[in-house]
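Each chain is listed here by its residues.
Protein chains: 2
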Amino acid sequence: MDYITLAHGSGGKASHQLIEGLFYKHFQNDILLQGNDASILPKFSGRIAVSTDSFVIHPIFFPGGDIGKLSVYGTVNDLAMSGAKPLYITLAFIIEEGFSMGDLEKIVASIGEAAKEAGVKIVAGDTKVVESGSVDQIYINTTGIGILPEDIDIGGQNAKAGDKIIISGTIGDHGTAIMALRKGFEFSIDLESDCGLLSGMIHEILHTGAKVKVLRDPTRGGLATTLNEISKQSNVGLLLEEAAVPVKHEVRSMCEILGLDPIYIANEGKLVVIVAEEDAEAVLGVMKSHPMGKDAAIIGTVVHSPQGQVYVKTEIGGTRILQMPVGELLPRIC
Amino acid sequence: MDYITLAHGSGGKASHQLIEGLFYKHFQNDILLQGNDASILPKFSGRIAVSTDSFVIHPIFFPGGDIGKLSVYGTVNDLAMSGAKPLYITLAFIIEEGFSMGDLEKIVASIGEAAKEAGVKIVAGDTKVVESGSVDQIYINTTGIGILPEDIDIGGQNAKAGDKIIISGTIGDHGTAIMALRKGFEFSIDLESDCGLLSGMIHEILHTGAKVKVLRDPTRGGLATTLNEISKQSNVGLLLEEAAVPVKHEVRSMCEILGLDPIYIANEGKLVVIVAEEDAEAVLGVMKSHPMGKDAAIIGTVVHSPQGQVYVKTEIGGTRILQMPVGELLPRIC
Numbered sequence: 001m002d003y004i005t006l007a008h009g010s011g012g013k014a015s016h017q018l019i020e021g022l023f024y025k026h027f028q029n030d031i032l033l034q035g036n037d038a039s040i041l042p043k044f045s046g047r048i049a050v051s052t053d054s055f056v057i058h059p060i061f062f063p064g065g066d067i068g069k070l071s072v073y074g075t076v077n078d079l080a081m082s083g084a085k086p087l088y089i090t091l092a093f094i095i096e097e098g099f100s101m102g103d104l105e106k107i108v109a110s111i112g113e114a115a116k117e118a119g120v121k122i123v124a125g126d127t128k129v130v131e132s133g134s135v136d137q138i139y140i141n142t143t144g145i146g147i148l149p150e151d152i153d154i155g156g157q158n159a160k161a162g163d164k165i166i167i168s169g170t171i172g173d174h175g176t177a178i179m180a181l182r183k184g185f186e187f188s189i190d191l192e193s194d195c196g197l198l199s200g201m202i203h204e205i206l207h208t209g210a211k212v213k214v215l216r217d218p219t220r221g222g223l224a225t226t227l228n229e230i231s232k233q234s235n236v237g238l239l240l241e242e243a244a245v246p247v248k249h250e251v252r253s254m255c256e257i258l259g260l261d262p263i264y265i266a267n268e269g270k271l272v273v274i275v276a277e278e279d280a281e282a283v284l285g286v287m288k289s290h291p292m293g294k295d296a297a298i299i300g301t302v303v304h305s306p307q308g309q310v311y312v313k314t315e316i317g318g319t320r321i322l323q324m325p326v327g328e329l330l331p332r333i334c
Numbered sequence: 001m002d003y004i005t006l007a008h009g010s011g012g013k014a015s016h017q018l019i020e021g022l023f024y025k026h027f028q029n030d031i032l033l034q035g036n037d038a039s040i041l042p043k044f045s046g047r048i049a050v051s052t053d054s055f056v057i058h059p060i061f062f063p064g065g066d067i068g069k070l071s072v073y074g075t076v077n078d079l080a081m082s083g084a085k086p087l088y089i090t091l092a093f094i095i096e097e098g099f100s101m102g103d104l105e106k107i108v109a110s111i112g113e114a115a116k117e118a119g120v121k122i123v124a125g126d127t128k129v130v131e132s133g134s135v136d137q138i139y140i141n142t143t144g145i146g147i148l149p150e151d152i153d154i155g156g157q158n159a160k161a162g163d164k165i166i167i168s169g170t171i172g173d174h175g176t177a178i179m180a181l182r183k184g185f186e187f188s189i190d191l192e193s194d195c196g197l198l199s200g201m202i203h204e205i206l207h208t209g210a211k212v213k214v215l216r217d218p219t220r221g222g223l224a225t226t227l228n229e230i231s232k233q234s235n236v237g238l239l240l241e242e243a244a245v246p247v248k249h250e251v252r253s254m255c256e257i258l259g260l261d262p263i264y265i266a267n268e269g270k271l272v273v274i275v276a277e278e279d280a281e282a283v284l285g286v287m288k289s290h291p292m293g294k295d296a297a298i299i300g301t302v303v304h305s306p307q308g309q310v311y312v313k314t315e316i317g318g319t320r321i322l323q324m325p326v327g328e329l330l331p332r333i334c
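Those sequence lines, one after another, are chains A and B.
Each residue of the first sequence is one higher than the one before, counting from 1 in full-length UniProt numbering.
Each residue of the second sequence is one higher than the one before, counting from 1 in full-length UniProt numbering.
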């Protein structure tokens with residue numbers, strides 16, 4: 001069969017063929033193979049971290065990634081932001097009738113590889129097929145489960161005045177790559193999504209024993225949204241040095257053409273770390289020596305006031321408030 | 001704002017207003033309010049049961065329920081089928097731009113009530129908004145987490161020759177109600193979905209100490225699909241007494257008009273129990289005294305052979321093989 005039909009979502013014979021012929025081929029593990037309404041995970045003890053995300057990105061294949069890879073990395077990254085070790089994900093497809101079986105196989109293979117890279121098992125799944133026109137190609141939900149070590153307390157509420165703000169690399173790469181693709185821009189320079197896995201680098205950061213307060217990946221709404229959220233959760237001010245924020249030349253050019261600010265553009269493989277001042281240089285060093293953090297930089301400081309606001313020191317020496325975005329720059333970016 | 005806009009899915013200001021103004025109002029609990037990329041659940045020890053399901057039902061409001069209630073019950077029921085105690089669910093919306101805020105609030109309220117009834121906390125969420133035409137109104141994914149008591153081993157692989165098959169009530173109610181609604185049939189008799197919560201009745205069944213082998217809810221593909229799955233997982237034959245299967249008069253009439261067999265029609269509040277013969281009457285008694293099982297009946301027996309097949313003894317005394325459905329009777333039934 002070259003195309004997905006409604007029967008593939010029926011729960012009947014075609015559904016079972018899809019599960020056994022395609023999904024089990026790429027995701028085989030003892031837990032998934034239980035084949036019951038709920039999957040049973042091995043016994044463990046401790047605190048669990050949970051995160052859920054639906055991926056509706058358009059287009060589904062893009063330079064640097066695809067919806068499959070993104071749907072694994074996105075949820076694994078969110079788990080890692082709590083300091084948890086990601087262990088399991090569930091996977092739910094909503095597919096449009098008539099979707100290409102070849103493209104589905106590409107996505108499924110990409111999910112399988114990403115899960116392997118991230119060290120997570122796909123433990124439960126669901127596939128729905130809807131009539132042509134009732135969904136745009138394919139949407140994916142993943143929900144992740146991780147285990148949180150005993151002594152970890154990381155979260156948006158923990159930033160304190162004096163802490164340093166670090167970004168793991170250049171901002172705006174993902175959103176700009178998608179935008180260029182949608183608008184059909186063809187540059188000789190390459191714009192590529194930063195779609196990547198952050199859990200490995202986070203593991204190394206935590207291993208230093210540094211007093212890490214906040215970890216967050218600035219996806220939808222970009223760095224501006226992430227920093228605004230943290231300032232409100234922690235009731236602190238954040239002071240950002242605009243000149244210190246790394247932006248690729250190609251991204252900056254593209255944003256200038258479109259009249260956008262990279263600080264509002266989505267990233268899919270970047271990490272914001274807020275860490276005690278005395279540990280900032282050590283953490284920066286660890287990040288710079290990791291492939292995901294080679295362009296890492298200290299970009300700002302947590303201050304007492306004004307509470308719940310982000311200030312930017314501009315390159316020419318002025319100061320402005322960095323607002324949370326109000327509208328939608330770029331729908332279906334993830 | 002009367003309608004959902006793309007900005008509600010941006011991660012920016014409108015997203016936060018939707019989360020704080022609507023979701024927190026109906027789902028408030030300490031875990032959800034953490035407001036981080038991943039939510040941290042309280043410490044516990046044991047085996048975890050996990051299940052994921054996307055709900056794409058059309059229409060989203062129907063006699064006996066709505067997509068919100070269904071999305072909670074569906075996942076909680078799946079968890080309960082393993083013998084687990086459902087504790088937590090995650091909730092992910094994909095909403096079409098222009099969707100009515102009033103309808104969203106109805107759905108969210110319905111989810112809040114259903115979660116309360118089921119005793120589960122909504123611990124993490126996600127909202128994506130896509131352009132008009134890129135999804136049909138609203139789709140919901142829920143992923144559930146439950147804890148499995150030490151000594152429980154229930155699953156489709158456990159049926160043994162001699163065991164009895166019990167159904168908790170009339171079959172085909174959900175699918176027939178949706179079908180009647182879609183086709184615009186107006187009967188004076190009422191066709192209503194059986195959309196309901198099974199975890200309470202399962203708790204009582206397990207409390208008897210009966211040797212329960214399999215629990216499964218015959219949703220997509222109906223009772224025929226569920227029995228076929230179990231016969232294959234357990235490598236046994238299942239012998240079904242057609243005359244013993246309860247079907248409402250209205251459902252039978254509707255199916256006759258449409259040329260369908262209720263045994264293939266979806267249910268959303270029915271339970272198949274396979275239990276050791278010596279415990280069957282006791283379990284039936286417990287089910288009959290529960291509101292969700294008042295029409296419960298023993299409908300068949302597990303036999304040695306033919307392995308992986310379901311046989312039906314028809315009302316006139318013949319025998320036929322009950323096949324798994326091949327095509328799709330009714331897309332978007334759940």
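A few of these clues could be false.
Same chains, same names: a pair is fine if it fits in one copy or spans any two.
Here are the computed lysine-lysine pairs in the BS3-like style, where the Cα-Cα straight-line distance is at most 25 Å [to be verified]:
1) K121 <-> K106
2) K13 <-> K160
3) K121 <-> K160
4) K116 <-> K232
5) K160 <-> K106
6) K248 <-> K85
7) K85 <-> K121
8) K85 <-> K43
9) K160 <-> K248
10) K25 <-> K232
11) K106 <-> K288
12) K313 <-> K160
13) K313 <-> K43
14) K313 <-> K248
15) K121 <-> K43
16) K211 <-> K160
17) K313 <-> K13
18) K116 <-> K160
19) K43 <-> K211
20) K211 <-> K85
21) K232 <-> K13
22) K288 <-> K248
It is worth saying that the hints were derived from the structure and are not from the lab.
Fair warning: this is a prediction, and the values are worked out from it, not measured in the lab.
These are the hints, each one checked on the structure:
1. Taking the shortest Cα distances, K121 and K106 sit within 25 Å of each other inside one copy (19 Å), while across copies they are farther apart (36 Å).
2. Taking the closest pair of Cα atoms, K13 and K160 come within 25 Å of each other only across two copies (24 Å); inside a single copy the shortest separation is 57 Å, beyond that limit.
3. Within a single copy, K121 and K160 get their C-alpha atoms no closer than 36 Å, and across copies no closer than 31 Å, so neither meets the 25 Å cut-off.
4. Taking the shortest Cα distances, K116 and K232 never come within 25 Å of each other, neither inside one copy (36 Å) nor across copies (30 Å).
5. In this homomeric assembly, K160 and K106 never come within 25 Å of each other (Cα to Cα): the closest approach is 45 Å inside a single copy and 40 Å across copies.
6. For the identical chains of this complex, K248 and K85 are neighbours neither inside a copy (31 Å) nor across copies (50 Å), given an alpha-carbon limit of 25 Å.
7. Taking CA atoms no more than 25 Å apart as the test, K85 paired with K121 passes in both settings, with 12 Å inside one copy and 23 Å between copies.
8. Proximity of K85 and K43 under a CA criterion of 25 Å is satisfied in both settings, with 16 Å inside one chain copy and 15 Å between copies.
9. In this assembly of identical chains, the alpha carbons of K160 and K248 never lie at most 25 Å apart, being 30 Å within a copy and 64 Å across copies at closest.
10. Taking identical chains as interchangeable, the C-alpha atoms of K25 and K232 lie at most 25 Å apart only when they sit on different chains, with a minimum of 19 Å there against 45 Å within one chain.
11. For a Cα distance limit of 25 Å, the shortest separation of K106 from K288 qualifies neither inside one copy, at 33 Å, nor across copies, at 49 Å.
12. When the C-alpha separation of K313 and K160 is checked against a cutoff of 25 Å, the pair qualifies only within one copy, where the shortest distance is 19 Å, while the shortest distance between copies is 72 Å.
13. Proximity of K313 to K43 under the C-alpha cut-off of 25 Å is found in neither arrangement, the shortest distances being 50 Å within a copy and 43 Å between copies.
14. In this homomeric assembly, K313 and K248 come within 25 Å of each other (Cα to Cα) only inside a single copy, at 20 Å, whereas the closest approach across copies is 71 Å.
15. When the C-alpha separation of K121 and K43 is checked against a cutoff of 25 Å, the pair qualifies both within a copy, at 15 Å, and between copies, at 22 Å.
16. For the homomeric pair K211 and K160, the shortest alpha-carbon distance inside one copy (11 Å) is at most 25 Å, but the shortest distance between copies (56 Å) is not.
17. Taking CA atoms no more than 25 Å apart as the test, K313 paired with K13 passes between copies only; the shortest distance there is 23 Å, against 62 Å inside one copy.
18. In this assembly of identical chains, K116 and K160 lie within 25 Å of each other by CA distance neither inside one copy nor across copies; the values are 37 Å within and 37 Å between.
19. Taking the closest pair of Cα atoms, K43 and K211 come within 25 Å of each other only across two copies (23 Å); inside a single copy the shortest separation is 30 Å, beyond that limit.
20. In the homo-oligomer, the alpha carbons of K211 and K85 lie at most 25 Å apart inside one protomer (18 Å), although the nearest pairing across protomers, at 37 Å, exceeds that limit.
21. In the homo-oligomer, the alpha carbons of K232 and K13 lie at most 25 Å apart only across protomers (12 Å), although the nearest pairing inside one protomer, at 51 Å, exceeds that limit.
22. Taking the shortest Cα distances, K288 and K248 sit within 25 Å of each other inside one copy (17 Å), while across copies they are farther apart (68 Å).
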